[in-house]
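Undergrad: Please take these sequences and the hints and turn them into a complete structure.
As you go down the protein sequences, you meet chains D and F in turn.
Position one of the first sequence corresponds to residue 23 (our numbering), numbered consecutively onward.
Position one of the second sequence corresponds to residue 111 (our numbering), numbered consecutively onward.
Hints in this document: simulated from the structure, not taken from any laboratory.
There could be a bad hint or two in this list.
These stretches of chain F come out as covered by chain D in the derived footprint (C-beta under 8 Å, 3 or more residues) [claimed, not checked]:
1) 135 to 142
2) 162 to 176
3) 188 to 200
Heads up, simulated DSS-like pairs for lysine-lysine below, C-alpha to C-alpha not over 25 Å straight-line [unchecked claim]:
4) F:LYS238 to D:LYS158
5) D:LYS281 to D:LYS91
6) F:LYS238 to D:LYS281
Glycine is no exception: its CB is placed at the ideal position from the N, C-alpha and C atoms.
Take a look at the letters that make up each chain.
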Amino acid sequence: MSNKNIYRPQSKFEYTSYIYIFPAFIFYILFVLFPLADTFYTSFTQWNGISEKKWVGFDQYINNLSDKKITSSIKHSFILIIFYSFLPIIIGLLIAGIMIRVKIHGMATYRAILFLPQILSMIVVGIAWRWIYAPKGPLNSGLDFFGLEDVSRAWLGSFDYALPFVGLIGTWVMFGFTMILFIAGVQKIPTELYDAAKVDGAGAIAEFFNVTLPNLRGEIIVALIFTVTLALRNFDLIYITTGGGPGTSTMIPSMFIYKKAFQMNQVGSASSLGIMLTLMIFTLVSLILIILREKK
Amino acid sequence: MNYKNQEKIIAHSIFLLGSIIVLYPFISILFLALSEPGTRVSGFTVPSGIYFDNFIKAWTGGGFANGLFNSFVVVVGVVSIAILCSLLAAYAFEKLDIFGVTPLFAILLIGLVLPYESIVISLYYSMKSYNLTNTHLSLILPQIGLSIPFSIFWLRASFRAIPQSLSEAAMIEGASRFTILTKILIPQMIPAILTLTVLLFMWTWNEFLLALIMIQDAEMRTAPLALSYFAGNKRYGDPAITAAAAIWVALPVLITYIFLQRRFISGMVTGAVKE
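TA: Below, the structure is given as structure tokens:
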């Protein structure tokens, strides 16, 4: 035992070690854990932000779940997952499948460009796309140019098109990230695995499903967690592009949290929606990890 | 050989197409912002000349001098304090034996996944009760808390990569634990700390919802918040001026990205994988 002390002197337990974690945890407790607990408590009350909180049990949750506008906002979030998550992951996987062993010049430049949407404020991204989709913006000008005047419209002002077109912005933001992630992953797969598949007579498709896909498991989990979380949160982009409109056709839970808490003075209801959003994200992340985790 | 070339051409075409799709919206608003004020551009024509009038109008009309300054103050506060606290904590977690590392880490994991949209309400009322809304502190303090889980995870991984023998040698020579951290370990971690700085800078600079809620005073707005008000203001309804404003706000991150792009990319990709 005394030998251990010579080789790893630090392993001697000391209370002073806690001093090192103290500052970080103070900030974390005061500004993350406490607000979370406080929101949890408020979610069981009726509160307009000024008067006393009135305990109402699960009423806020029940009211939220029976409010058609709220349930449809949750539905919108799931539709956005298709655009933010599934489409970019499918695009990324297909391209990574083609890129096995391809080494090209200029990869660093391509990577820097493809990654660009990740680093910019969603407010900037939203303003750029508001212009693209504007009634006299590039998209409609392009359609007019090809003689498709009948198709052009105010895309973000349309009850039918606003949601998928906001979704496409998400696809645009994410596809570069998934591509870079998966291409980096593919290049780490040992070439022997592909050679072995070739020997077994596997075609390109069999190769993709038997070698590429299973070996990208870790990267797929990361991409899913990252994109699904963003699709469910997503406040900035909706706020700047549609504000949830027209009507409530692009409303999502985080937008309702903001409106209820800061415009409608329904703080209790907003808090319960916040807890619901948190639970949704925790559940989905856990599901992704449980379903895709490596089975040992 | 021919087959190889064909593969390369396909790869280049895919990347080129992807790059054009990514760049088009940016080039489109850049052309729009540089266009002659009052003229209508459709996004398919190259502007007839370069005019900076829109940039000047946006700068003076949107209060972006204030906005960029406020964002800068918030970023410096958040990044420096969050990294300092996280360095100490990550050191203790990885190199000092602490009782209860696993439960403490599980608690940090909550913050990694938590959508902060759900806790901003409570943060707002807490700040209000201490009269801190409309201050830099109301943006700095919560964002330190929110940055800490990722920073600790990130720094702990790079502490782990340093061989134990380094600090053992110093320990035998009688160096204190704090000296080992500052004199021996931190110099080894400069690249990891720099990458973390870049990531936290980007996230803090781009933060929007917290500023939207905490700041009512026009002079205290951060750059993205000033941009959103500007874009919603009818007086500057001209999309060309809004486009110029968006470029002002994007510029600091964009310039940093041009010089440090590999840190941004490797940070986000490996950071995500490490989690």
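Undergrad: Now tell me, hint by hint, if it's right for this structure.
TA: Verification of the supplied hints:
no.: 1; hint: 135 to 142; verdict: holds (count 5)
no.: 2; hint: 162 to 176; verdict: violated (count 0)
no.: 3; hint: 188 to 200; verdict: holds (count 7)
no.: 4; hint: F:LYS238 to D:LYS158; verdict: 43 Å, violated
no.: 5; hint: D:LYS281 to D:LYS91; verdict: 13 Å, holds
no.: 6; hint: F:LYS238 to D:LYS281; verdict: 18 Å, holds
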